[in-house]
Structure formats: C-alpha cells, structure tokens
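Got chain L; can you put chain G on it based on the hints?
Number of protein chains: 2
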Amino acid sequence: MTATLPEPIRLAVDCMGGDHGPSVTLPACRAFLEKHPGAELLLVGQPEALTAAAAWPRCRIVAASEVVTMDDPVEVALRRKRNSSMRVAIQQLKADRDGNAPLAHACVSAGNTGALMAVARYLLKTLDGIDRPAIATVMPNQRGRFTTVLDLGANVDCTAEHLLQFALMGSALVAAVEGNEEPSVGLLNIGEEAIKGSETIKQAGEMLRAAGAAGQLNFFGNVEGNDIFKGTTDIVVCDGFVGNVMLKTSEGLATMIGAFIKEEFGRNVFTKLAAVLALPVLKAFKHRVDHRRFNGAALLGLRGLVFKSHGSADAFAFEMALARAYDAARNRLLDRVHDRIVATLQAKVGDAGDNATTVAQAA
Amino acid sequence: MTATLPEPIRLAVDCMGGDHGPSVTLPACRAFLEKHPGAELLLVGQPEALTAAAAWPRCRIVAASEVVTMDDPVEVALRRKRNSSMRVAIQQLKADRDGNAPLAHACVSAGNTGALMAVARYLLKTLDGIDRPAIATVMPNQRGRFTTVLDLGANVDCTAEHLLQFALMGSALVAAVEGNEEPSVGLLNIGEEAIKGSETIKQAGEMLRAAGAAGQLNFFGNVEGNDIFKGTTDIVVCDGFVGNVMLKTSEGLATMIGAFIKEEFGRNVFTKLAAVLALPVLKAFKHRVDHRRFNGAALLGLRGLVFKSHGSADAFAFEMALARAYDAARNRLLDRVHDRIVATLQAKVGDAGDNATTVAQAA
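Chains L and G, in that order, are what the protein sequence lines are.
Residue 1 is where the first sequence starts when you use my numbering, and the numbers rise one by one after that.
Residue 1 is where the second sequence starts when you use my numbering, and the numbers rise one by one after that.
Hints listed in this document are in silico derivations from the structure and should not be mistaken for laboratory results.
Among the hints, erroneous ones may be present.
To give an idea of the chain G side of the interface with chain L (calculated C-beta under 8 Å), a few residues [claimed, not checked]:
no.: 1; residue: Pro102
no.: 2; residue: Ile228
no.: 3; residue: Lys230
no.: 4; residue: Val245
no.: 5; residue: Lys248
no.: 6; residue: Met256
no.: 7; residue: Phe265
no.: 8; residue: Val289
no.: 9; residue: Asp290
Heads up, simulated DMTMM-like pairs for lysine to aspartate or glutamate below, C-alpha to C-alpha not over 25 Å straight-line [as the list claims (entries may be wrong)]:
no.: 10; chain 1: L; residue 1: Lys286; chain 2: G; residue 2: Asp290
no.: 11; chain 1: G; residue 1: Lys262; chain 2: L; residue 2: Glu263
no.: 12; chain 1: G; residue 1: Lys202; chain 2: L; residue 2: Asp131
no.: 13; chain 1: L; residue 1: Lys230; chain 2: G; residue 2: Asp327
no.: 14; chain 1: G; residue 1: Lys202; chain 2: G; residue 2: Asp157
no.: 15; chain 1: G; residue 1: Lys202; chain 2: L; residue 2: Glu75
no.: 16; chain 1: L; residue 1: Lys272; chain 2: G; residue 2: Asp290
no.: 17; chain 1: L; residue 1: Lys230; chain 2: G; residue 2: Asp71
no.: 18; chain 1: L; residue 1: Lys202; chain 2: G; residue 2: Asp71
no.: 19; chain 1: G; residue 1: Lys230; chain 2: L; residue 2: Glu263
Think of the CB as a built atom: it goes at the ideal place given N, C-alpha and C, for glycine as much as any other residue.
Just chain L, with the same shape it has in the complex:
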C-alpha cells in the first residue's frame, strides 16, 4: 500500500446542505479547487441552483431533486427524501452494482448531523469490528497544535468497548491527517480528587490500558476537561453526550469572550482608539481562535469517508471542511481505520482464541 492515494482525489459535495446552501457551498468549492489542483468535485444538488458552476473545470454536477432541511427528522431524510442531495452525495462513495469503483473518495455535507449520520450509516454500513460510528473534530490547544476529540454526539450512551473503538478510530484519523503515527490517547474523566468516574469509564480505562500494553494504541491515561486545551494528549475520547456538551460549551464561552472584548474596546472614544492601535494584535488573536479554521468533523467507522461541516459555516469554513476531507482521502484514512481495527481484533483472538469469526469477517 502506498502512503497516499494517487490524484485526482474526488469529493462528492452536498451543495444544498447547511443553513445557506449553494450561496456558501459553491464559492467554497471554487476556492478549494483553485488551491487543490489534484482535486475533482462532484457537485450534488438541484441543477437549477448550481448553474453558476456548470462550466467550472474539474467539476461535474450530479442532479438530486430533494433537499434535507436542518429541521427534517431522521426518518424523513432516511425514508421519504430518497433523492436528496445529501443521500446522492453519500451514494457516490459506493461501488455500483457491477462492482465498479466508487465515483468519489470522500463526501462533505453541512446538512443536519442526525440525518447525515443515519443516511451514511444506512447506505455505507459500518466497518467490521465497529459497533457505532463516531464524530471526530479538532480543537486548538495551547501548544499551538490540535486536539482531536470524539465522539461529539453520535452516541449518547456508550459502553467501554465503544470508547475503545473510538480511540482506535481517532488514532487512525490523526495518523492519516497529521502524519503522527503514534498519537497519544486520553480518556476524558473527572478529577482524581473527586469521586472517580462511572463504571463504564473505569472499564474503558482498563481496556485502553490493555490495548496500549499490546501496542495497539498509545494510551496516556485519564484526562480532564482542561487537558483538551492544554494539549495533554493528541486525542481525547468520550461519549457523545459529554463530547457534545463540551463542544457547545466551548463555542459558547469563546463567543462570550469575543463579545466581551468587543464591548470593552467599544466603550468610549479612548477605548476605541486603543482598539485601532491594537488592531494587528486583535486580528492575530482572532485568527488563532477562529473556529472556522477547524471546521469539518469526520464520521468515522463507516465504509466510506463522510465529513460534516458546521451547518452555519460560511464559505471559508466550508472550504476548510473540503480541505480536511481531501487530506483524509489522500492519506487513505479509510484503510487506516480498517487496519487498526483488524489488528486489534486479531490480537484479541491471539489472547482469547475464541473470536475467530469476528476477525475472519473483518480481515
């Protein structure tokens, strides 16, 4: 296996998804194409909404008559809107009935998370050895790097086994996208000083320690909420409820702090003058905490690479999600997740000798 896929890398883009649809996705696609000469795009959506892109190079419009809205229940996306741009975009990741290779290497959508996960799971199925797909994203840390966190909301109740799978998938993601082959994994827990974590967390800790000892991943140990931004570990694993609350709390706090800074600098003529003089500094600061740069969460554990953009993403943010999907596809994220899972399952069989069926399926 070569380290990277040969170009062109082809992405299927759900151009109708998100709060803004083509008015954001098309400019983002254009900017992305300019910066990625080895990329091709399948622009999926209602053709009349995508005419602007009709003549773009390295692009093809793929017609889809319906749109999954941000409020559509999962059932509607799954059963009623069978010709949605979201669904057709994901469909591009599947081999056809004659066994021809899929048309796209990865898919990007800003559509609603629940629907995207459900449709992707239905169409693509999970990888062998994975019970539940997970959503992973990166957050900036104080070391000037990124912390990858998963799960962010796909799974509200997780077993220890699920958390182990998240750790393996997260390790594959960081290895693929950041070129860090032995990323460290932390298990999100509450402080040692407090009454310790739940039974599930304790059990997950034991499983992760065993996987670490067996060389399947690089387990650091328990981490706390503040470690995400300290950058104590490359990866932080948690259940989807906790991860979602953590992510939204961070967004809320960052927004509040931004508003406070604006308010204080806007208070009177002197503070406004100070703002002008401090402008380059404030811009540099804003850039560092600009969450748009980190847009593009990976849906891991599926038989296809699906990336989820924030629904409210602007063109810059959506372009970042496209770039992230491109990097993941080019660095064979799918194969890497598969390989990690297979290696772990095989090691389990080596230990226990009673799991041969699962491995045979997975290998």
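Chain G only, in chain L's frame:
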C-alpha cells in the same frame, strides 16, 4: 420566617485547607471581616499556624490538630483524620448533644472536594427528600449576570429523580443568593438536531415539565452547552460527570485564550506598545472573566451550609467564597432548600396519595 437571619452571621472556616493553607485563608478572613461588620468567624486549624489571628476582633480560633491534604483519599479524611480542620469546621454546623444551636451558620473549606463532600455528608446527613447532595457554582454569562450550574462532580451517575432534586435545590439557591424568586431552569441536553438525549435525560425532562406545570419550579426546557454562557436560563441542571467536564473545559479554554492574548501582545515592541495603550481595556476585560470572583461552590442538600473554595484560590478568591457563604446563610438558604423539597413532596402526595411517610418525615 423573616427574610434574613439576624446578625451576627457566624462562619466556620477551615483555615488549613487548599493548596496554600493559612497564608491564603487568614488574609482572606481579615479582608472579609473588614467588609462584613455583621460577621463573626470561627478559624479552625492548628493553633500554632493561626497565631496571627489571635487578637483579631469577631474571631475565635478553634483548635484542630490534623489536616486533610489535597491528595488524601476519602477514607483517610473520613476514618483516620478525625480531628482534621475540615471535619471540626463542619462539626460547628451541628447542634450539640444537649440540643444547643450550632455554633456556625455556614462552613467554608478549600480542601479536596471528595473528602469535603464525604465528611459533610457523614456528619450532617442529607435533608429529607434529597437522595444525593450536589455541588453548585455560578458562571458569568453574556447577559452580564450569572448562570448557576449543578451538579459539578458529586454524582457521576444520576437518575431523573436526582436531576429534579438538583433543579429544586438550585432554584432555592438562586432565590436565596440573588433574590430571584422564580429562577428559570434548563436541562442540559444535546442539540435537537442530533440524536436526542439519553433515556434518563428524557425522563428528567418529563419530571421537570410536570414540576413546572405544578408551580414547583420555573422550567424552561432543554438547553445546550452554549446556553450556559448565553444566559438562556438562570439555572442549568446536569449530572456530575457532564458538569465537571463542562467546568474544567471552560477553565481550560479561558486559560488558553488568556495565554493567547498575552502571547500576541508580547510578540514585539509594537504589540507591547499596543498593550500599554490598551491596558485599561484589557484590565476591564480581565475583571469580567476573572474566575476568582465566582469562587465558592455550594454543597446543597445537606443539613448544613457548606461552601467549597477552589483548592488553588488566592486570598481574593477565598474571600469571595466567604462572602458567598455569608450571603447564603444570611438569606436562609438551608430553610429555602428544605421548603422547596417539602412543597414538592407534598404536591406529589396530593397527586398520588401514596407517599405520606416521606412527607411526614420531611415536614
């Protein structure tokens, strides 16, 4: 019942607790006393460490020979160090064997959370109708006010009934300390767009809605992580695992942002000059997000008022915790929690007619 307790209000202070002990707690006590002429303090600890305070007015030193360290396991605090400053301080909240009134109205400690909760629970017991005490703190919000959040780590696995109890206790706290008699309550959940919350959360939502309909509290509905800093509701209720992660994540993010601002302003001579010019603005901003101002978490649901200071608190922060405990005691927080719980239990009996024993105990 009068609205406030008559002065003097007496606080028992664990002077040995926290990372710094008397070098922080004593200056904090001094500053607190100067600003609260109606307060008296029982300074609990090793007398030789507290000699500086021997002649202070409105103070009395209460000897305790042992100290619970920040690393001491709960068992050590509970069973071995029976003459610890933490334990003796909490003991001041109990009536003596002859039924004389307790010596103090509230107790403040910066000692380790697990130990403090365990010792407080053992000595004081929970209020009737409360299964589990909870830890509540306030966080600043974008509306320039505070959001009270509980639980922050006392309970890692919570039932829907526990979450309802937290909502009642939180309502009593906000009513007492902020004079807001009908504070709104939000249930922390993950986004509507994602796959919805756990079974426990859904059930808690139903119980809170019912309590709201019965006039026992002011239930707003589900909220998400970002609503804490938006100030969507006065109170946010969650289990202790989620609350602890949320709190520590917020601390971590705030620290990172502070470090980024410092770094950007310190980059070169021009940015340093900008910092000097922007100094009043930066100071105003720093003040607004200064977590020391919000120090002092309430342990709710016990038969006594215990407040927990951050272990790393400096004198200013510890003084804030003392002030918070003072306000709570003066505004009869203990009676208010008790009354809310009794009212809810009585309403339940009215509904079901099968819960008379519990109410008889509680009333």
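- Quickly compare the C-alpha distance for L:Lys272 and G:Asp290 to 25 Å and report which way the hint goes. Holds, at about 23 Å.
- Task: Take a quick look at whether G:Lys202 and G:Asp157 sit within 25 Å of each other, Cα to Cα.
- Result: holds (15 Å)
- Given the hint that L:Lys230 pairs with G:Asp71, test it: the Cα-Cα distance must not exceed 25 Å. Between L:Lys230 and G:Asp71 the Cα gap is close to 22 Å, so the pair holds against 25 Å.
- Item | Cut-off 8 Å, beta-carbon criterion: hint that G:Lys248 touches chain L | holds (3 Å)
- Task: Report holds or violated for the interface hint on G:Val289, using the least CB-CB distance to chain L and a cut-off of 8 Å.
- Result: Holds, because the Cβ-Cβ distance from G:Val289 to chain L comes to roughly 6 Å (cut-off 8 Å).
- Item | Restraint satisfaction for G:Met256 [CB to CB of chain L, less than 8 Å] | Because about 4 Å separates G:Met256 from the closest Cβ in chain L, which is inside the 8 Å limit, the hint holds.
- Message: A closest beta-carbon separation below 8 Å is what the hint needs, so does G:Phe265 meet it against chain L?
- Response: holds (5 Å)
- Query: Within 25 Å, alpha carbon to alpha carbon, are G:Lys262 and L:Glu263?
  - Reply: holds (19 Å)
- Item | Satisfaction of the G:Asp290 interface hint, Cβ to chain L closer than 8 Å | Constraint on G:Asp290 not satisfied, violated at 11 Å.
- Message: Quick check on the hint: G:Ile228 CB to chain L CB, less than 8 Å?
- Response: holds (6 Å)
- Are the Cα positions of G:Lys202 and L:Asp131 separated by 25 Å at most? Distance ~24 Å between G:Lys202 and L:Asp131 Cα, so the pair holds.
- Query: Regarding the hint that G:Lys230 lies at the interface with chain L, is the smallest CB-CB distance below 8 Å?
  - Reply: With Cβ-Cβ at 6 Å, under 8 Å, it holds.
Hints 1, 9, 13, counting from the list given before, are not met by this structure.
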